[in-house]
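There are 2 protein chains.
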Amino acid sequence: MKITENTEKWRKVSYKSVKIHDPFWSNYRSMVRDEVIPYQWEAINDRVEGASPSHALQNYRIAAGEAEGAFYGYIFQDSDVTKWLEAVAYSLHADPNAELEKLADETIDLLGKAQQPDGYLNTYFTIQKQDQRWTNERDNHETYCAGHLIEAAVAYFETTGKRRLLDIACKLADHIDSVFGEEQGKLRGYPGHQEIELALMKLYSATGQERYLKLCQFFIDERGQEPHYFKLEAEKRAEKRGRESLLREGYYSLYKNNYEYNQAHLPVREQLVATGHAVRAVYMYTAMADLAGATNDTALLESCKRLWENVTQKQMYLTGGIGSNHDGEAFSFDYDLPSDTAYTETCASIGLIFWAQSMLHLEPDSKYADVIERALYNGTISGMGLDGKSFFYVNPLEVWPAACKRPDKRHVKPSRQKWFGCACCPPNLARLIASLGSYIYSQNEHTVYVHQYIGSETTLKVAGQNVSLSQQANFPWEETVDINVTPEREEAFTIAVRIPDWCDDAAIKVNGQAIAPDSLQFHKGYAAITRIWHTGDQIALKFPMAIKRLYAHPEVRANAGKVALQRGPVVYCLEEADNGAALSHISLPEQARLAAHFKPDLLGGIVVIEGQALRSELSDSSPRLYESRKRSEQSFTFRAIPYYAWANRGEGEMAVWVRES
Amino acid sequence: MKITENTEKWRKVSYKSVKIHDPFWSNYRSMVRDEVIPYQWEAINDRVEGASPSHALQNYRIAAGEAEGAFYGYIFQDSDVTKWLEAVAYSLHADPNAELEKLADETIDLLGKAQQPDGYLNTYFTIQKQDQRWTNERDNHETYCAGHLIEAAVAYFETTGKRRLLDIACKLADHIDSVFGEEQGKLRGYPGHQEIELALMKLYSATGQERYLKLCQFFIDERGQEPHYFKLEAEKRAEKRGRESLLREGYYSLYKNNYEYNQAHLPVREQLVATGHAVRAVYMYTAMADLAGATNDTALLESCKRLWENVTQKQMYLTGGIGSNHDGEAFSFDYDLPSDTAYTETCASIGLIFWAQSMLHLEPDSKYADVIERALYNGTISGMGLDGKSFFYVNPLEVWPAACKRPDKRHVKPSRQKWFGCACCPPNLARLIASLGSYIYSQNEHTVYVHQYIGSETTLKVAGQNVSLSQQANFPWEETVDINVTPEREEAFTIAVRIPDWCDDAAIKVNGQAIAPDSLQFHKGYAAITRIWHTGDQIALKFPMAIKRLYAHPEVRANAGKVALQRGPVVYCLEEADNGAALSHISLPEQARLAAHFKPDLLGGIVVIEGQALRSELSDSSPRLYESRKRSEQSFTFRAIPYYAWANRGEGEMAVWVRES
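Line order of the protein sequences matches chains A and B.
Going by this note's numbering, the first sequence opens with residue 1, and the numbers climb by one from there.
Going by this note's numbering, the second sequence opens with residue 1, and the numbers climb by one from there.
In short, the hints are calculated from the structure, not lab data.
Treat the numbers as computed from the prediction; the structure is a model and nothing was measured.
Among these hints, one or two may not hold up.
Computed cross-link-like contacts, DSBU-like style, restricted to lysine-lysine with a CA-CA straight-line distance of at most 35 angstroms [stated by the list, open to error]:
#1 B:Lys405 / A:Lys413
#2 B:Lys129 / B:Lys231
#3 B:Lys186 / B:Lys162
#4 A:Lys405 / B:Lys314
#5 B:Lys367 / A:Lys231
#6 A:Lys630 / B:Lys509
#7 A:Lys231 / B:Lys413
#8 B:Lys630 / A:Lys630
#9 B:Lys236 / A:Lys405
#10 A:Lys630 / B:Lys19
#11 B:Lys162 / B:Lys418
#12 B:Lys630 / A:Lys314
#13 B:Lys630 / A:Lys548
#14 B:Lys19 / B:Lys102
#15 A:Lys418 / B:Lys405
#16 A:Lys524 / B:Lys630
#17 A:Lys12 / A:Lys509
#18 A:Lys162 / A:Lys16
#19 A:Lys630 / B:Lys314
#20 A:Lys113 / A:Lys102
#21 A:Lys509 / B:Lys630
#22 A:Lys405 / B:Lys305
#23 A:Lys548 / B:Lys405
#24 B:Lys630 / A:Lys367
#25 A:Lys231 / B:Lys405
#26 B:Lys413 / B:Lys314
#27 B:Lys236 / A:Lys236
#28 B:Lys418 / A:Lys405
#29 A:Lys405 / B:Lys367
#30 A:Lys413 / B:Lys630
#31 B:Lys171 / B:Lys305
#32 A:Lys367 / B:Lys405
#33 A:Lys305 / B:Lys630
#34 A:Lys305 / B:Lys418
#35 B:Lys19 / B:Lys509
#36 A:Lys102 / A:Lys12
#37 B:Lys231 / B:Lys314
#38 B:Lys548 / A:Lys405
Generate coordinates for the entire structure from the input sequences, incorporating the hints supplied.
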């Protein structure tokens, strides 16, 4: 069986080949460049007033012998530095900045000094637990931190061509390769927090060294096998460190015997539904897809596809958020998607994009690109305020601020936070947005796929020549997209454009003319235009953005009787700022006429949806808790705003799903 | 200011004066006698197969020197024995049983042997922590166990006239009085789990010894004062037991610095809203009301009234359940009443009845008796299966069994449990049901109040003579109640009957005739019939039980757009057994005709409510998680059953609040 229906491999198009000039995204990219990356630098240098110190760089200095002191922070504190480096790498491509590059180079030098002669690099263990290296993969995040270092190294190498960090990464990966594996004397372990697997695939891709692919494959294949490594490892620790220490560890180690949490309850090929910690899961699924593609492992690909259907058709919020359980930041069970207790970590949505991207490069099917689009315009950027300085870790679909003090909703924050003790989401958003160029196109020898409609320029090698594509778009607000095609010479090849899942009546013209039926084919959500392309050819796309009323599958009990609004790729919500409090008392008549308007001065410029809704009378003379009189309803003009833009006007209620009447 | 509007005190009518012959309640009382009390005896004797041992009686034997071994069980394990004794006491009155009384007497002897020479009686500390007596009131439940012993002692004395347990209780109470108080050398502490306060008021009532009232008053008044006793006590323990032991204790002691949990965050008179652990709260409010009545403390009574309004108008479920938070088994904030995560412990509803009863005896106002009725027919007996052998600790208003594995809903059980590790609810239900006779009437010199409509006989001293009342009722199913009045001689006095809050058109006749307006007065929910009563007079009451559609206050966001059904005092629910799964997809049209039918063979004989409802189409070919097509709705005949009777036909969904269309 072939992995794709085409014998050719689909090639990724690097962020390096794409220059973005999109009104919507350029703004986000500026925020990352001007706010997030500088703020994060201050944070890892312990210079943010009022914030508890990160100590992340100081840990490296101590490990490098340049400073005295003890380790401070989470066991995965190192990764705050490498995530910053990765975001810097992408950003430097779009916006060269000698000063920033100098800071990065100096930081990389420091990492090099902290690396041990055997290649090991993790400040927590180097500073204070030398003898406990590789004794607790389940909890210790050693490979997780290594993975983030490797990802940063590959990105920094790709942007700058500098090998210093890549060399550090290879030395570290080689060390890990000497520790883990099937061979006699090596540990048959695998990560407690998956991340290095996808990083190793990137390192393999950047270096061509097959041992990195093999190590990834070992980690993927070994996972969940019996006898269970995490159990064996725990038994070994008990011998070595005594019962008391193990007991103490018990308090800190969540889920220590719940291997579903780490997706290690079964071999990955036997996992039928997504379970456990959502970020761990999607990072692993990403690596599985990459590995399946690189090795033509069809069984592994089938696992990926099965898990994809489970996640996106049974466990995904309308916003592209995943992981509905706070406890364990985890997937729940099929169709269990409550709006108000949703965890839906920003990082999990970002990881879903990584996975979708890997799937898309195995097989161009618009279902993958549709999910990327859904997550991009909704559940990921909802994690960052419009000021670029405030963040959500948790992205619920319904908030009643007063209820956030309930013990079972304490994870839901009604207003964005400055930064986090566990600062994973802001830098993850930074790297996603800074690397956005890599999500727009993919290609093979004779076909260019246009997956996302984002204003940009690129030049790709197609049909043996350079073809320049210039895309003009104003998504998610405007319906039209123009793509100018400039081949070096007249030649036949295919440009396949995605028809978004939200669009019913897409119109495609080339040079102002409808396309001849024999040169247009529809396949898996793409319209493939095959013709001889000339310089100056223009594809004009129109994707009507009707306001859609969406309903959830009936098994989603939380949304019974409710409707959500979407226009184009944007999911909408009602906010207290526009509609008053007690949003649950608003209902949207099934026949209500809805209109979309662009409001340039509202929330950075957004399209709002307005119309007539009903609201129960709220204030009256009766304070009775229960009564047989039904309160009257009044018509009023409601306003819905894009979900991603909520919580930028002070604290208040928010709801994506609204009762329908 | 007077406590009541009448200079006379309202007198309780003891369960001893009332003989119950009510179809509905006699069945429950038989279950308590034939199932609960015998089962509980087996349990405390460690003879229940498959259940983890209780060890409760064995602890007493060890403390008494009659057996060897270590203490086993919860720190409050002793109270399982005294709760059994209390239930036995009430039951022996209704159903004398020499064998059972002998077991009780032998148990009481054992308790006497376990009591220490100074009066102290708590097996945990006697067996293994002699030196730690009275060092941690916040957590240790010493006064809680003493309270349950005192309550049992008063009940056993009242039923049997035997003083042995009462003497043990007095000796224990005297010991506690020597430990706690304002005087130099005594501890200025108070209970971490309130219970002894209401028990001391009963002991005061039974013995006339004012020192028990004073001790109760000290506990109530001292609570929440600064410097905070729980804090001082913790500091003292640290000195005595060292830092390590205090740290270890930290793991086991929930809420150790959250004094709201124990209602000790403020002096009780300054507490404006109900907060913290619900059972602790209502036990304390009960004692506060009793104390306010006994001491004419109008400020304390005002506190009780303020808290009453808060609980019943802002924090009570339609079923009479209270305590919406699982974490801490606690009150939440005003109007936060989610159906699916509700904790609503059976014991909390029982405690609410205790409190309402105390309020009612200070001032006859039907709002108190209405809440007693609501809790009796709904949120308390829902805690016991129709077999008398299976129990709910938690009484949610909506259950989706699959969701009970969610970490934030693990407290919700979809099917009744055999017994509990912490076995507080079954014996608490047993004592409530066995003492039901005390809730029907109260009186003063010239007036008899009829609070509950429960078939029964009583003879009361009114207007200087014995008046017999015979009540025939078949609540909650039938609308008519007859009360035959038999005075010794013709005399003028008043019989005041409660008009239930659910009844709009009550009809009252005496001897078949409407009553002359000048002999009927309405006051605070009671119709007071003042006339010269003759032997053979009959009051015929008719309380039409229309099916009521009830709506929650708009601030209760969880119930927006939803309706609940009630008929008479009974709250209804939909069950999967009658209506299929996915109950959230059912809606009840506003104009639907509803009909009530008695089904003698269903669930022990119940009135069901039936009518036409709508249900969204569930199964179809589309597996899509979100789509713009709205599924069609079909009409079907739904059936609602009494809430208390749910979960007696296997595991399935249940919902009290249903969408209205």
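These are the hints, each one checked on the structure:
no.	hint	verdict
1	B:Lys405 / A:Lys413	holds, 24 angstroms
2	B:Lys129 / B:Lys231	holds, 21 angstroms
3	B:Lys186 / B:Lys162	holds, 32 angstroms
4	A:Lys405 / B:Lys314	holds, 17 angstroms
5	B:Lys367 / A:Lys231	violated, 59 angstroms
6	A:Lys630 / B:Lys509	holds, 32 angstroms
7	A:Lys231 / B:Lys413	holds, 31 angstroms
8	B:Lys630 / A:Lys630	holds, 27 angstroms
9	B:Lys236 / A:Lys405	holds, 32 angstroms
10	A:Lys630 / B:Lys19	violated, 41 angstroms
11	B:Lys162 / B:Lys418	holds, 33 angstroms
12	B:Lys630 / A:Lys314	holds, 18 angstroms
13	B:Lys630 / A:Lys548	holds, 11 angstroms
14	B:Lys19 / B:Lys102	holds, 23 angstroms
15	A:Lys418 / B:Lys405	holds, 34 angstroms
16	A:Lys524 / B:Lys630	holds, 25 angstroms
17	A:Lys12 / A:Lys509	holds, 26 angstroms
18	A:Lys162 / A:Lys16	holds, 15 angstroms
19	A:Lys630 / B:Lys314	holds, 18 angstroms
20	A:Lys113 / A:Lys102	holds, 17 angstroms
21	A:Lys509 / B:Lys630	holds, 32 angstroms
22	A:Lys405 / B:Lys305	holds, 26 angstroms
23	A:Lys548 / B:Lys405	holds, 34 angstroms
24	B:Lys630 / A:Lys367	holds, 22 angstroms
25	A:Lys231 / B:Lys405	holds, 24 angstroms
26	B:Lys413 / B:Lys314	holds, 25 angstroms
27	B:Lys236 / A:Lys236	violated, 41 angstroms
28	B:Lys418 / A:Lys405	holds, 34 angstroms
29	A:Lys405 / B:Lys367	holds, 31 angstroms
30	A:Lys413 / B:Lys630	holds, 32 angstroms
31	B:Lys171 / B:Lys305	holds, 34 angstroms
32	A:Lys367 / B:Lys405	holds, 31 angstroms
33	A:Lys305 / B:Lys630	holds, 28 angstroms
34	A:Lys305 / B:Lys418	violated, 44 angstroms
35	B:Lys19 / B:Lys509	holds, 24 angstroms
36	A:Lys102 / A:Lys12	holds, 29 angstroms
37	B:Lys231 / B:Lys314	holds, 31 angstroms
38	B:Lys548 / A:Lys405	holds, 34 angstroms
Checked against the numbered hints above, the structure breaks hints 5, 10, 27, 34 and satisfies the rest.
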